[in-house]
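Chain residues, written in single-letter form:
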Amino acid sequence: MISSLTGRSERRLALVIFLSALIPLAVSVSLGASLFRQASSIWFDPEVGEQLDRGVDVYKDYVRAVKDDMRHQADVIASDQALREAARRGNSELELTALESSFSAYPNLVALRVVSINGRTLASHDRGRRLDTNAEKSLEVRRPLGDAASSPILVATFAVDRKRFDELESAGNIVAKYHQLEASRNDLYQGFIRAFSVLIGLTLALTLPLGFVLARGVTRRVRRLASAIERVAAGDFSVRVPVTGSDELTELASAFNRMVDEMAGARARIEYLQRMGAWQEMAQRLAHEIKNPLTPIQLAVQQCHRKYNGDSEQFRALLDTTLEIVEEEVATLRRLVGTFSDFARMPHAEPQAADVAEFLREFREQFSHIEEALELGDGIDDVSGGIDIEWRIPDEVVSASIDRQMLRRVLVNLVRNAAQAIRSSPAKAGRIIISIAQTPTTCFVVVEDSGPGILESDRIKLFDPYFTTKSDGTGLGLAIAKKIVIEHGGEVEALGSSELGGAKFVIALPVT
Amino acid sequence: MSNNAKGRPTFDKLPLLIVAVLVVMASLPRFCSVPSHLEGKLAPDVSIDIVANGGDLATPVALQALRGHVVVLAFWATWCPPCNTEAPILNRVWGRFRDRGLVMIGVSNDDSSDVIAPWAIDRGVTYPLAFDRGSVSRAYSVSALPTVVVISKEGNVLLAQTGMVSERTLSQLVEKNLRDY
Ligand SMILES: Nc1ncnc2c1ncn2[C@@H]1O[C@H](COP(=O)(O)OP(=O)(O)O)[C@@H](O)[C@H]1O
Ligand SMILES: [Mg+2]
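Each protein sequence line maps, in turn, to chains A and B. Its first residue numbered 823, the first sequence is counted upward by one per residue in the working numbering. Its first residue numbered 35, the second sequence is counted upward by one per residue in the working numbering.
Where hints are given, some of them may not hold.
Only pairs whose alpha carbons sit at most 20 Å apart, straight line, appear in this in silico SDA-like list of lysine to any residue [to be verified]:
(1) A:K1283 x B:E201
(2) A:K1283 x B:H103
(3) A:K1283 x B:I123
(4) A:K959 x A:F858
(5) A:K999 x A:D988
Selected chain B positions facing chain A (Cβ under 8 Å, derived; list incomplete) [to be verified]:
(6) A96
(7) P152
(8) D156
(9) R157
(10) T196
(11) G197
Hints listed in this document are in silico derivations from the structure and should not be mistaken for laboratory results. For each residue, glycine too, the CB sits at the ideal point set by N, CA and C.
Using the sequences and the hints given, assemble the complete structure.
What follows is the structure, encoded as structure tokens:
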């Protein structure tokens, strides 16, 4: 259910990114379009067109005038009586002189020719310089030299400075182009729109994958959380979400993990305390059942021993041994019963705010007395002989809620176990380190040793009541330690010591 | 000016375009985020940086290069209590099958690789441990820790499970795949 929601949110995020890219683009398209329309209405103003056209007309008039002038000059030359007479008579020599005489009056003339009706040149005269097509533009005017249809024809070639015409031509071209543009302005507009469509397409192509990539990073983490929350809601505390990135989601992820840790811890604690309760009840009953017959047994055997008056030396000796054995075993059973009922009647821890570092320093001071209580067996030996205890206590305050007396008991149990472990090792000597470490939320009291360490398979079982690997062990030391630590809202774990190679017991207490 | 109207239809198609895009987006398949989606598929090839207990594994090791072995990828982190609980289970399974061709790699999701080796000593963990900058987890859609992925000799994902794996499930699966040959 949750996961389908996040699928949608992924698309939503991508959409937001896309829209935030698209909206400015769309606005700029519409702005651009209106700007374009405005500019084109100024640029393609009909008045501008008319004025341009008028300018071109002026040029056209001028050209027409120039051409008319030349035609007129040709008319004048052709109407020369001497020329006409010579043409009528077909006298080419006379024609030539007539042509020569007209020439000087018209500076624009390049050549004059008299051509017969069938195209033969009868006479010709030119200015002596050829037409320069680069600089000059020529105009040819034909005029008949007589009224008869067979009269020869005067061909006058004029030249005009080309620059004038070129100017005209380019002006004409510009105006033509302007009109062309004006006619195609819709094409331009469409081109503009097309360009922007391409841009939008590109934006789509770029922002959509980008949006998805960005959104995916976020939604993947949200979805992780969602699926983990579903599991936790179903009572499964066995998953944690990976903590990645460095934003609100990261904090959310670690907050979630902390919450599940606490829930799982609380559940484990409750379960352990319930189990302990059952064990304690059993210990109580056991202690009671064992303790009651002990005194009658002892008394009976003592009486037997005292009341025998016979002279069988053998029987006397048997009675002596029996009494010895029974008294010894009864004493052991009494001790055991004492431990059991101690365990059964163990008070609840009542933690109070304190400085754990200071507590540990005090523990160190008392330790010489405690050492005697460590009951390492073989009473004659100096208990700590060959065992080097190192204390690593920080100077700063480590504040936590502790029940000093109970926590002392925990430490005694741990140190005793460590010392016993070292004693059981072939070297019989070694080191113990007692240290404090701290994180913002937790303080750790660590007891580690150079003993043989812990079997992986025993790691969890160690804390169960009555689990022991020692011939004279009760298996209660760690169970009691764990119960006390749990009543502190903490946790105790058995690990391997990387520094000393033996066992490492870590007590974690919440910092206050 | 009336000619302008001729140019507009292109512009008017924009909203249509947006709608089309939205439709496409809505119909895109969701990205699968649950590792179990991988089950039965070919395992994504990844490169893994081994940082502790490497033994004779090359580092970085390419998953592809482990074909012919049953591979267990166990995603974990030092700060993850269930992972710590799971570690002994993995360690035992590793101990039982390592000589028969099981490759087990604990893929750490920690922020730094420095915490991995001390953790191995603390926990008595002997199987190879790797540091992941995110690429391996991503390839296997790891959404929560611990996650266990079992890959067959042929390179197929047999199991991809989030949450602690039971020793029985894991050993049986490994055993079966080691025998099927
Ligand atoms: N420091 C240690 N090194 C090795 N093993 C230990 C250590 N502490 C405890 N153990 C193991 O845990 C078991 C249970 O300890 P405990 O509950 O104190 O009972 P007991 O000391 O009576 O055996 C011990 O028998 C021993 O096997
Ligand atoms: Mg003990």
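Outcome of the hint check:
1. A:K1283 x B:E201: 17 Å, holds
2. A:K1283 x B:H103: 34 Å, violated
3. A:K1283 x B:I123: 14 Å, holds
4. A:K959 x A:F858: At roughly 42 Å apart (the allowed maximum being 20 Å), F858 of chain A and K959 of chain A break the hint.
5. A:K999 x A:D988: OK: K999 of chain A and D988 of chain A at ~16 Å, within 20 Å.
6. A96: Violated, because the Cβ-Cβ distance from A96 of chain B to chain A comes to roughly 23 Å (cut-off 8 Å).
7. P152: With a minimum Cβ separation of about 6 Å from chain A (threshold 8 Å), the hint on P152 of chain B holds.
8. D156: Holds, about 4 Å.
9. R157: R157 of chain B check passes; min Cβ-Cβ to chain A is 7 Å, inside 8 Å.
10. T196: 6 Å, holds
11. G197: This hint holds: G197 of chain B lies near chain A, its Cβ roughly 5 Å from the closest one there, short of 8 Å.
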